[in-house]
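J.: Going line by line, the protein sequences match chains A and B.
Using the numbering used here, you'd call the opening residue of the first sequence number 1 and step up by one each time.
Using the numbering used here, you'd call the opening residue of the second sequence number 345 and step up by one each time.
Be aware that a few hints might be false.
Said to hold, decoys possible - Lysine-lysine pairs mimicking BS3-like chemistry, simulated, CA-CA at most 27 Å apart:
| id | chain 1 | residue 1 | chain 2 | residue 2 |
| --- | --- | --- | --- | --- |
| 1 | A | 234 | A | 200 |
| 2 | A | 200 | A | 322 |
| 3 | B | 510 | A | 128 |
| 4 | A | 322 | A | 234 |
| 5 | B | 561 | A | 128 |
| 6 | A | 272 | A | 234 |
These aren't lab readings, by the way, just hints derived from the structure by calculation.
Everything numeric in this text was worked out from a predicted model, so none of it was measured.
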Amino acid sequence: MTSHSSTTHESSTTAPATRPAAPMTMAAALNAAIRDAMVDDSSVVLFGEDVGPLGGVFRVTDGLYAEFGETRVSDSPLAESGIIGTAIGMAIYGLRPVVEMQFDAFSYPAFEQIVSHVAKMRNRTRGKIQLPIVIRIPYAGDIGGVEHHSDSSEAYWASTPGLTVVTPSNPADAYSMLREAIASDDPVIFMEPKSRYWSKAELALPVRTAPMSTAVVVREGTDVTLIAYGPTVKTALATAELATEEGLSIEVIDLRSLSPFDDATVSASVRKTSRAAVIHEAAQFGGYGAEVAARLTERNFYYLSAPILRITGFDIPYPSPKLEEYFLPTPDRILAALGTWEWS
Amino acid sequence: MPHDYVMSLNVESAPVLTQAAPTPLRLIDDAGRAVDPSEAGGFALPAPDILLGLYRRMVVARRFDVQVTALTRQGRLATYPSALGQEACEIAAVASLRTDDWLFPTYRDSIALLTRGVPPEDILASFRGEWHSGYDYYQHKIAPQATPLATQALHAVGLATASKLKGDHTVALTLLGDGATSEGDAHEAFNFAAVWQAPVVFLVQNNQFAISVPLDKQMACRTIADKAIGYGMPGYFVDGNDVAAMYAVVSAAVDTARNGGGPSLIEGLTYRMEAHTNSDDPTRYRDSSDVEVWRGRDPIERLEKYLVSVGVLTDGERAGITREAEELAAATRECMTKTAVIDPLELFEHVYATPRTALAEQRDFLANEIAEHEAAAAKTTGETA
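From just these sequences and the hints, can you work out the full model?
T.: Laid out in structure tokens, this is it:
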């Protein structure tokens, strides 16, 4: 291939026919998304650590090596900067690499390649070179992981202009958003909540949900907006259920996209309920919730009845498995925080 | 490709890390004489017409480099990292590539861009501070000049691997400096290339300084080329001021890569004659006597002596080359008189392929701010008129 234009890759017009609905985990939905994208577009290649015959440590790439062979699915040397750096070269040559950083904290050696090149290449070259790379990062905790296996690194990426950062919270979104991410001409940091890999849903593939860049109201309510993403959507929904016992009607928003941020959807909800809290696992200081609270306040100050709260991990390194229950936001902790507002 | 000049430590015995550095491969010596073929490492001296072409391109490139350095000293460019004295490495690299091969350069390799056909005004766009990079990458098959050290070596390996996966015969060549070989990305690039047998050539221009830090503070081994053995690829230690040797070795490495033989690491031993950039002061860290020694090993003068001795470089040829170089220098000065007008609103245009509402809002904010300033300035002008 000598051209780099987005028109040279085959579009998803040959998506496989709809298959019968079947219960499917998020890991299986991600697997299906990669497979279908590879069937539709011969320029999609997959590589990373253990993604070949093993099928990835979370089995997200299970069976793909056998189906597509070494030229399209390959194990790389164990070097994350090398994975991202070579993906950049492949993308310049017209491929659409899907690469895996095995665990959140293992993406840090690739920080320079992601921040200095993946994020900036399109702008540096005035749009002449684009890098349609998907960087899959299993992230966050609640799986009893040892140190360096439970980080929530989303704020690093979301604060970097040039990156698109998304995170699904359920199997249907996992499939749909990963298909959209692979088809995107922008580089996408695709953050997969590890604790949700084994969550199941009945899916008829190829399922398509709301556009990747949009937030979705996943439960309607009138009194409070809980803003969650990835692993904390489940927590927020459990909180909303629990709150009904107290007569509190909670609306839950699944952000899905951290960059861009869907101001319209979230602001509309906050203007309706007049109270909002952001829930994430990552530490609070300088975290993603700070951006959410700040921009919602700037845009909706006169609609608010109370300050926007952040209910997050503490400002400490992610703890050992036996202590993570104290770290993670829980429905009880969230409801207690909402109770600190003055309710008139 | 001849392998008897491959540098390798004998793994059968304990490597002696203190052993003296070998003599770099050369085909034409400092005095401009062809070396005896028995000392040429199996490489043949390129034909006279090829050498004359390399000479012409080196002279033209140096004239450009000197011109741009002068413009920088006049304060007309934000910065310019000169490659003065490194012309043999730069021109040999470009001359060894086909038009559909790819070059992955650094900020110091502007004359490689020039030699590959990038117009002066496009090369200077970044140094003029207009945009971070300013040429047609796909037309010239040249990646943006990389500033973060050694990062581009991985991009070259990736592109070469993609070429191989597609069954193409495109080769990637990346230029690196000696300091860059200390970076992790250099190591990862060498390793990925060797494991994947990528059609890539790593050309390290060992100009002996990383800004101020000399090579013996970068590494403890004899040569950079020696490192190749650790990755499982051939390494070549070459006189980087002998364009004949550089061209012979780089061309052979490019052919090897194209024919499925995998990557090579080439070290060209040279010297950075100028400061790191115009904001550097080399008198703080090196003796001018060293610079004079290397001035005596000038790559252009050496080849000139040889070409004159074999009767290839005539007065007529020389006059033509001088004319070409001066015309380029004039064109380079001329392009500085044209003021590139870049719409500040373009700042928002290329960040994403997919439009963003928030960025559109910020673009509109800036547009309004500019309009208000212009209106206020017009009002002031009107009042004072």
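J.: All hints, please: hold or fail.
T.: To see whether the hints hold, each was checked on the structure:
1. A threshold of 27 Å between alpha carbons decides the hint, and for residue 234/A with residue 200/A the separation of about 13 Å falls inside it, so the pair holds.
2. In summary, the hint linking residue 200/A to residue 322/A is supported, as the alpha carbons are separated by about 26 Å, within the 27 Å threshold.
3. Of the pairs offered as hints, the one joining residue 510/B and residue 128/A holds, with about 22 Å between alpha carbons and a cut-off of 27 Å not exceeded.
4. Our distance criterion of 27 Å between C-alpha atoms is met by residue 322/A and residue 234/A, whose separation comes to about 21 Å.
5. In summary, the hint linking residue 561/B to residue 128/A is not supported, as the alpha carbons are separated by about 39 Å, beyond the 27 Å threshold.
6. Restraint check: the Cα-Cα separation between residue 272/A and residue 234/A comes to about 22 Å, which is no more than 27 Å; the hinted pair holds.
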